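Quick note, the sequences are listed as chains A and B, same order. According to numbering that gives the first Met the number 0, the first sequence is numbered sequentially starting from 0. According to numbering that gives the first Met the number 0, the second sequence is numbered sequentially starting from 0.
Any given hint could be a false lead.
Simulated pairs of lysine-lysine, BS3-like, Cα-Cα distance not exceeding 27 Å [unchecked claim]:
1. B:Lys329 - A:Lys58
2. B:Lys264 - A:Lys58
3. B:Lys96 - A:Lys58
4. B:Lys164 - B:Lys329
5. A:Lys58 - B:Lys476
6. B:Lys329 - B:Lys247
7. A:Lys127 - B:Lys217
8. A:Lys4 - A:Lys126
Since the hints were made in silico from the structure, they are not lab data. In this text, all values refer to a predicted model and were calculated from it rather than measured experimentally.
This is what each chain is made of:
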Amino acid sequence: MPLVKRGRVIEDPYLRVVDDAPVPDGAAVIVPAARFLADAAELTRRSAPTGLIWPNDRKVAELAPWLDRLALIAMTFPNFRDGRAYTQARQLRERHGFRGELRATGEILRDQFLFLTRAGFDSLEVKKAADAAAFAEAVGRYSVFYQQSANGFAPVQRRRLLGAVAGGARVATGAEMAR
Amino acid sequence: MYLYDELDRTLVTERVAEFRDQVARRLSGELTEEEFRPLRLMNGVYLQLHAYMLRIAIPYGTLSSAQVRMLAQVARRYDRNFGHFTTRQNIQFHWIKLEELPQAMADLASVGLHGMQTSGNCVRNITTDQWAGAAPDEIEDPRIWAEVLRQHLTMHPEFSFLPRKFKIALTAAAHDRAAVKVHDIGLRLHRNGAGETGFEVLVGGGLGRTPFIAKTIKPFLAKRDLLSYVEAILRVYNSYGRRDNIYKARIKILVHELGAEAFAKEVEAEWRQIKDGPLALDPAVVADIAARFRYPAYERLDDSPPALAAARGSDRLFAAWLANSVANHKADGYAIVTLSLKPEAGTPGDATAEQMDAIAELADRYSFGEIRVGHEQNLVLPHVAQRDLPRLWRALDANGLATPNVGLVSDIISCPGLDYCSLANTRSIPVAQEISRRFHDRDLARDLGPLHINISGCINACGHHHVGNIGILGVEKNNEEFYQITIGGRADEAAALGTLIGPAVRYADVADVVEDIVAAYLELREDSRETFLQTVDRTGIEPFRERVYATR
């Protein structure tokens with residue numbers, strides 16, 4: 000499954016550790032939530048990056064004590080229609096100030112990319128290679144947004160007050176979005 | 000009117016381009032129907048019994064004459080020469096080809112119209128009072144707040160994949176014409192003891208197979224907190240709303256299962272954490288949005304000009320229409336005119352392309368180019384000088400738009416039913432048509448007074464049968480159409496669900512049953528001033544049940 004991180008298709012540097020399998024030293028790993036919570040103190044002392052997969056029906060506030068030592072949190076989208084992890088992503092970014100990698104996993108298709116990046120995800124495990132290749136196009140489709148969000152764009156309401164509308168608004172490009 | 004600027008137009012144009020690409024991917028087979036489905040739904044495209052249906056949003060029910068002309072053009076060019084106005088300030092075209100959809104959308108986008116968020120599990124078109132800005136009983140124009148919400152909830156990064164659809168309605172008047180108590184969120188703008196205006200927030204109203212009247216979770220919300228509080232509600236719903244069962248996924252079920260108090264507590268806890276953040280409304284932003292609404296430059300006129308009195312005295316038909324379809328305006332010398340889309344034996348809510356062109360023309364001539372759409376599936380010319388009423392009436396009458404039955408027995412709200420809809424169990428439109436034939440006598444209809452009949456062709460309740468004074472719900476039994484009859488429902492500020500009067504009746508008997516109910520009312524009422532609802536409230540349903548089932 001191709002991984003898109005900050006707009007580029009890359010090799011996944013993380014190793015998935017299942018259930019109780021040993022965690023290899025020096026390797027970047029993603030562990031299940033239960034495993035992480037059981038061994039959190041030890042896992043967050045590792046020198047290599049540690050990430051976890053968090054279920055979409057559990058409060059992200061539980062992770063608050065560990066956020067500054069977590070390199071990655073993977074959220075789950077069991078299907079296109081299940082949007083719980085959008086809320087979790089915003090809460091992690093905006094309320095808890097999580098700065099590490101926020102990864103979307105599961106049923107991830109082209110037409111979610113813009114919502115995902117705007118909710119705060121910066122890496123996506125994409126189902127189809129063609130969709131991954133079309134990332135820049137998919138997130139560059141829109142130059143106008145009505146909300147403040149993780150992509151850092153000023154919402155329309157603010158741009159109007161700044162006078163950005165008169166005399167031809169500077170419209171952001173897809174390339175800017177993808178960064 | 001709200002004037003879209005370059006930014007609003009850019010967004011709609013970008014949406015059309017995206018949809019064009021999605022349709023191309025579907026037609027080439029790159030997208031399966033399964034994958035395409037949620038994408039088309041986000042743009043108001045349904046697959047119905049015979050064809051694709053396109054639903055277009057009419058935010059807060061306000062249209063310009065140019066927009067109505069474009070709707071007429073789309074009806075002519077891509078559909079079968081008509082459009083259907085719905086109960087949620089939308090218009091639907093029922094016969095559009097998938098290949099032509101992107102171009103139809105591009106045509107609509109050229110006048111700022113679109114189908115974004117008119118279906119799918121997102122926040123739907125924000126609706127309000129069709130008399131907003133003109134009604135004498137409103138404390139301010141609710142459309143400004145509807146627009147604040149519309150902007151914020153358009154393509155929202157967090158709330159575009161909710162457990163189920165989500166409907167918000169607002170009212171700012173003493174009399175609720177927007178049915179806010181049967182919405183997922185209802186907002187009632189009112190003044191508190193200190194003289195400040197703010198919102199009463201209601202949640203969890205809705206019809207469908209499990210109807211609920213909304214409950215108040217915040218009696219007074221300051222305006223600055225509107226977005227943060229609505230986000231808190233949506234966030235709690237997005238996190239905890241059920242996703243295991245489509246019939247239990249609406250917010251009303253969550254509110255019911257948790258209890259309104261516990262739900263309110265969850266919302267309050269979430270809201271406290273975000274209320275003073277970026278969502279706190281900047282008065283400058285609100286002022287900027289308010290400034291984009293344009294209001295008519297009313298002439299200084301007197302109420303009841305002599306020409307009006309003369310026409311009323313000399314023409315009985317005009318007088319009947321005036322008494323029925325014309326309401327007071329907040330500006331002296333002006334009136335609010337409702338255009339009935341319920342002619343005898345017609346399809347409730349349908350308008351032909353020719354009618355739409357005529358309405359646009361009349362709006363330009365008599366109503367500052369403005370047209371409104373209400374949840375009763377009628378149209379409104381909101382700002383008509385009273386002196387122009389006789390001329391306007393003649394033109395409306397010539398176009399079949401002056402049936403004087405607004406709010407009366409034949410002003411029926413109906414879903415499309417089995418004639419179009421793939422979910423329907425029974426026909427709805429032919430039932431409405433037959434009832435309107437039975438009550439074509441205008442004197443009788445006037446004597447009956449306010450009486451709302453609502454018809455749904457299945458349990459999803461798009462015809463809002465639960466809140467009809469007489470509600471008719473189609474159900475299927477052994478491959479035959481049956482109809483359950485309720486009475487006593489209402490959708491206004493005293494919203495209530497109707498009560499079932501007895502076993503379901505056959506298709507052929509529905510109009511007879513309605514006639515029986517009406518006959519019972521005429522016998523039971525204390526005098527001609529007691530309305531149908533007042534009689535039902537006073538007597539209960541028993542005498543109606545007896546009358547209907549005595550001989551069945």
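Structure-based check of each hint:
A threshold of 27 Å between alpha carbons decides the hint, and for B:Lys329 with A:Lys58 the separation of about 51 Å lies outside it, so the pair is violated. With a CA separation close to 17 Å, the supplied pair B:Lys264 and A:Lys58 stays within the 27 Å bound. Restraint check: the Cα-Cα separation between B:Lys96 and A:Lys58 comes to about 45 Å, which exceeds 27 Å; the hinted pair is violated. A distance of roughly 35 Å separates the Cα atoms of B:Lys164 and B:Lys329; the hinted pair therefore is violated under the 27 Å criterion.
Taking the CA atoms of A:Lys58 and B:Lys476, the gap is near 45 Å; set against the 27 Å cutoff, the hint is violated. Of the pairs offered as hints, the one joining B:Lys329 and B:Lys247 is violated, with about 43 Å between alpha carbons and a cut-off of 27 Å exceeded. Of the supplied pair hints, the one linking A:Lys127 and B:Lys217 is violated, its CA atoms being roughly 46 Å apart against a limit of 27 Å. For the suggested pair A:Lys4 and A:Lys126, the alpha carbons sit about 14 Å apart, so the restraint of at most 27 Å is met.
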